[in-house]
Structures are given as C-alpha cells and as structure tokens.
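Visitor: Here are the chains, one letter per residue:
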Amino acid sequence: MVVQTETEATPSAFRAPESLRPRRRRRPSPLRLVMLGLLFVAMAVPVYLLLVNSFKPQQQIADNPFGIPLSELTGRYLLDAIESPQFNVIGGYGFTVFLVVVVDVLCIAMAGPAAYVIARSARRRTRLLLLYFLAGTFIPGAAVVIPVIYVLRAVGLVNTITGLVAHDVASTLPVSIFLFVGFIRTIPVDIDHAAAIDGAGRYRTFWRIVFPLMRPAVVTVLILNSIGIWNDFVSPQMLLSPGSGHYTVTTAIYAGISQYSTDLTKVFPNLLLAVAPVIIFFIYLQRHIVSGLTVGAVKG
Amino acid sequence: MVELAELIRRRAAAGERAGRGSTRLRETAVSLGMAGPAVALYTVMTVVPVGVAVYLSLTNWNGFSDALFVGLANYRHLFADPDSTHAWYVTAAIAVVGTIGMVGGGLAYALLLKGRSRSNSFFRALAYYPHVISALILGYLWAAILGTNGAVNSTLAKLGIGPVGFLFDEHLALVSLIWVIVWAGFGFNVVLFVAALQTVPAELLEAAAIDGASRWQTNRRVVVPMIAPVVTVATVLNLVGLIRAYDLIVSLTGGGPAGSTQTYSYLILARSFAGTKVGYATAQAVFLMVVSAALALLVTALRNRQDQAAAG
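From first to last, the protein sequence lines stand for chains U and C.
In this text, residue positions in the first sequence follow the numbering used here: the first is 1, and each later residue adds one.
In this text, residue positions in the second sequence follow the numbering used here: the first is 1001, and each later residue adds one.
FYI, nobody ran anything at the bench for these hints, they're computed from the structure.
Each residue gets a CB set at the ideal place from its N, CA and C atoms; glycine is no exception.
Please note that the accuracy of each hint is not assured.
Stated by the list, open to error - Now the stretches of chain U that chain C is said to cover, found in silico as 3 or more residues with beta-carbon under 8 angstroms:
(1) 67-79
(2) 160-172
(3) 182-189
(4) 201-207
(5) 274-287
What the hints assert, rightly or not - To give an idea of the chain U side of the interface with chain C (calculated C-beta under 7 angstroms), a few residues:
(6) Leu49
(7) Val97
(8) Pro147
(9) Asn231
(10) Ala255
(11) Ile257
Unchecked claim - Okay, the calculated beta carbon distance ranges per label pair:
(12) U/Val105 - C/Glu1206: 44 to 52 angstroms
(13) U/Val105 - C/Ala1301: 29 to 37 angstroms
(14) U/Gln59 - C/Asn1304: 56 to 64 angstroms
(15) U/Ile82 - C/Val1291: 42 to 50 angstroms
(16) C/Tyr1089 - U/Leu79: 39 to 47 angstroms
(17) C/Glu1206 - U/Ala44: 20 to 28 angstroms
(18) C/Ala1040 - U/Trp207: 15 to 23 angstroms
(19) C/Leu1297 - U/Val41: 34 to 42 angstroms
(20) C/Val1030 - U/Ile82: 49 to 57 angstroms
(21) C/Pro1257 - U/Gln259: 15 to 23 angstroms
(22) U/Pro277 - C/Gly1071: 17 to 25 angstroms
(23) U/Val97 - C/Leu1068: 38 to 46 angstroms
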C-alpha cells in the first residue's frame, strides 16, 4: 500500500510544472555570451600572438602584432631558432624527454613496491611510512634545492645527470606513493592470497598480479610526473650548471631568452618551439591530462 | 570460496608452526627490500636536506670557505631585513589577491560551463591549457605581450595612448603579475568545481525551481553551499601554491622594478643564494618551509573535516 502511494505520488509531487522546469535547450543569455567572449579573447589571444608572430619580422611584430602580413610571413626565424647555436632546442627536447622517461621509470619502480608494502601491511609502523612520505609534499621545491646542492656535493653528484635524476625521482615519490596506496587498497587482498597459494612470492605477486590492475593509477602518476618534470625549471637550473652542457627545454629557454629578450624574432619562435609539444600532447590526451593533474593536486 | 579461505588459514597456521621467527624475519626482509629503495632515496634527497638546511641556517656559509657557526643571527637578521619583510608583503599580496581571483573566476566560469555539452568542454579546455605549460614560459610569453613594444602597448599607441609600463611601473608590475597568475591558474579551479557541481543532485535544483528561486538565488543559496568544501580545499591549495611562486617571476618581471615583484622564493634563490649568502638563504628557506607546512597542515585539517562531513 505504502509503495503504491509513493510510486503514484512521485511524478506529480516532485516534478516541477512545465513552466518552472529548467528547459533543456534554452537560448544563451547575454551574460553568458559576454563571459564566454571574454574567456575566448583572454585565453586564445596569447596563443594567436605566439603563433602569428613566430613568422614575422621584428618591425611587423612591433607595428602590427595582430596582423597577418601574407607577403612577409617567413619560416626563417623558426628555422634560426631550431639551428641556433646558443639555444639548442632539439638537444633540449632530447634531454628533457630522456629525463622524463628515466624519472618516470625509476619512480614507478620504487613507488610501486613501496606503496604495495604500505597498503598491505597490518603493522602500524609500516603504515606510518605513508605519513613520512606525505610530509614531503609540505616542502617547497625552491626552498629545499639549496641544501640538496650541499648533499649532492657531499656524495660527489653535484652537476651530474645522476644527481638531478635522484632529486627528481625523490620529489615525485610522495604523491605517487600516496596515489598508489589509495588505489591498491581498493584491490581485494584475496587476489594476493590466491597468488601466494599458487606459489608466487611477494615481488611476483605485485608485479604480475597487482601492478597490471593499477593501470588507472599508473596513468595518473605518469601524467602528473611527466608534466611536472617537463615543466620544472628550478631543479635543472640549480642542480645542473650551464657548464655541464645539458639543457632542458626550460633552462635552454632561460639561457636563450634572458640574453635576447628585446629581439622578438628570437623570443616568439623559441617560445613556440617550447610550447608546441605540450600543447599537442594536451590536445590529444586532454581528458587524461586534466583528470590526472586534478586528482594528483587535490589528493596529493 | 569457503574452501579457499580454509586453505589459506591452514597454510598460515602451518607456517606459524613451522617457525614463527624465521617466517617473520623473511617477511620483514622482503618488505624492506620492496620499500627500502624508495625510503632510502626519499630520505637522502628530501629529508636529509631539510636537516642540512636547518644546520646551514645557523652558519655564515658562503658556498666556498668553511662554515662558521653563528647561532640564530641569520634568523634575527631575517626579521630586521627590509628586503625580507617586503618580499613577504609581495608574496602575501600575490597569494591572497591571486587566490581570490582564481577561486572567484573559477567559480564563475564553473557555474557557466558545468553542463555536459561539447562547447562547454571546449571552453573548459581553453581555460585549463596554461596549467600544463611551464610557468617560466608563460612568463616570457606575457612579457613579450605586455612589454614596451609588446602587442598591448602597440595597440594602445594606435589609439594615441602612450606606452604603459605594465612591467616597468612599480605598482602596475605587481598588478600585471597577479593578472598572469590568475590567467594561468583559474582554469584548474574551473575543472575542479565543475566536477563538484556535476554531483549536485538535480532534485535540489528542481526543488529550488518549484519554490520560485531565480537562477542567481539557486546558485547562491543551493549550489555554492553544496560545493563549499571543494571551494575551501581549492582556496588553500591555491594559497600554498602561490606562496611558492618563483618561475613566473623570473621570466615576467625578474623581481623588478626596484624589487616591487620580488617574492620570498625569488628572494631566496635569486638574491640571497646568488649573492653567496648561503647561510642566510637557508634561514629564509627554513622559514618559508615552516609557513608552507603550516598552510599545508591547514589543507589536511580541512580535508579531514570535509571527509567527516561527507561520511556523516
């Protein structure tokens, strides 16, 4: 009886009359159009200027930054930027990709098993490890980089790629481990027991059974760390002196542009080269990148 | 399933009988082997440096010669140094005004773009993209746009307005810096808030509509209170991020003009450290860590309260 009255009452009582119900397709209000217009201008104009002015001579950039002078467009400045001896963009890409891959691999190799131990342990002491790692997220990178130089000097790794990689991997561990622990705890522990009965050791259980199930968390961590390392400026700048001859995209841009900041035919093409790979990646992997970075920032 | 559980129990019991001590020891050794590398690297590269920072902050080390112990002199200097005090004002201004702009802008556009249409997701991506680009590069881009012969000034010149010192006027430079910070960061909040808004039950909105609430009233009284916990967390995340601002200052203003955009992180690295006052720089760094940790603890406390509110 009760059920019957409820099912009968629901439609009429809980649904607004036709006139009050928000209509699915409504005409955009003027306010909405104005705000979206402002958003479009504010966000698109810098990219437009970057793109257009990378192909224009200095005089044209200064006189008419928004214009597209068809007769004067040239790829010369972009080519100059690619071939410039002061700013080796191809080398910058290569070294940065190398750094990203090495840090990603080492981070997963270390954070995965550590997170597994933490997530599956019943002991309080092991669980406290998570807090130990999480404390690292409180430390601002710009503040800790000076004593890191001191430590690297003590172990003889200052101004070496190994030193930079060690620091970068360590800086990615806290958030990666935190996200992994959270994810592993959602995987039923029965799976581990089943693997153990089949004779798998803990390493094997983790890498063969649990790790493949962690794909979403691994993707998140890879995106978070890759973008973080690609964009990092402080660590490569402070831990690899210019004398080492190794430049990431950011330190190469810094070295190049701080010298030629008034020559816009050098500034725009170099910035375009630095931004292009990231933007292309963003367009292709937009959904993964947005959710990965958001989850990483909020949970970390 | 029952059989499996029984089997596991029996095996575990057998293991314990066979040699409690040795199994446990092996268990511990395996755990140590799995967690050890991460713990060791993190300890050496993150925890030890914090200790080193505290030690160096009590010395007058200049990076080359022997460090001399000077007690708390660096910290006393820290609070008397006008550069240091001024950098805190700048940092606080950036953090507070920037956060208000980012959260406010994020909320406004999230309410506008919360629907699941194609055009909305395009605009959300458009608002978000600076978040994936290095702050250093965004700073150079905006320096080229706002500079003396940049796009904005050359457009103003056509209207007969003389060059505006967006980056070269002591007051305007800070405004420009905050504008770029908000421009680069509000899209992240849009995405965060849209995710929260999409979980607001449709029944609530319909109920508000039945009661005759306007769209503005519904947003103010129903929708925003529903996502208040996310707004709180975003606020503190933005604050914590902004008190560390460094890269953008390097490329946009270089701390100038006359130190008017010099943040605390910039002061530490570009002035104290570059000026070989390493001991003093680490004292400043330790102080920044303390402030940063206090703010981050606030995030944790707020998040716990939010979780409890969600659970209860």
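Visitor: 39 to 47 angstroms was suggested as the range; check whether the CB atoms of C/Tyr1089 and U/Leu79 agree with it.
Guide: This hint holds: roughly 46 angstroms between Cβ atoms.
Visitor: Do the beta carbons of C/Pro1257 and U/Gln259 sit within 15 to 23 angstroms of each other?
Guide: Roughly 20 angstroms apart at Cβ, these two residues keep to the hinted range, so it holds.
Visitor: Closer than 8 angstroms Cβ to Cβ for three or more residues is the test here. Does the region 274-287 of chain U pass it with chain C?
Guide: As far as the region 274-287 of chain U goes, the hint holds, because 7 residues have Cβ atoms under 8 angstroms from chain C.
Visitor: Honestly, do U/Gln59 and C/Asn1304 meet the 56 to 64 angstroms range at C-beta?
Guide: holds, 59 angstroms
Visitor: In this structure, is the beta-carbon distance linking U/Pro277 and C/Gly1071 contained in 17 to 25 angstroms?
Guide: violated, 50 angstroms
Visitor: Look at the Cβ atoms of U/Val105 and C/Ala1301 and judge whether their distance stays inside 29 to 37 angstroms.
Guide: With Cβ atoms ~36 angstroms apart, the hint holds.
Visitor: With a cut-off of 7 angstroms, does the beta carbon of U/Asn231 approach a beta carbon of chain C closely enough for the hint to hold?
Guide: holds, 4 angstroms
Visitor: Against chain C, run the beta carbon of U/Leu49 and see if the smallest gap drops under 7 angstroms.
Guide: holds, 5 angstroms
Visitor: Please verify the coverage claim for the region 160-172 of chain U: does it have three or more residues whose C-beta sits within 8 angstroms of some C-beta in chain C?
Guide: Held - the region 160-172 of chain U has 5 residues with a Cβ nearer than 8 angstroms to chain C, which meets the minimum of three.
Visitor: Apply the coverage criterion to the region 67-79 of chain U and chain C: a residue qualifies when its Cβ sits closer than 8 angstroms to a Cβ of the chain, and three qualifying residues are needed.
Guide: violated (count 0)
Visitor: With respect to the beta-carbon atoms only, verify the hint that C/Leu1297 and U/Val41 lie 34 to 42 angstroms apart.
Guide: Roughly 40 angstroms apart at Cβ, these two residues keep to the hinted range, so it holds.
Visitor: Are U/Ile257 and chain C close enough, Cβ to Cβ, to be under 7 angstroms, as the hint says?
Guide: With Cβ-Cβ at 5 angstroms, under 7 angstroms, it holds.
In summary, the numbered hints that this structure violates are 1, 3, 7, 10, 17 and 22.
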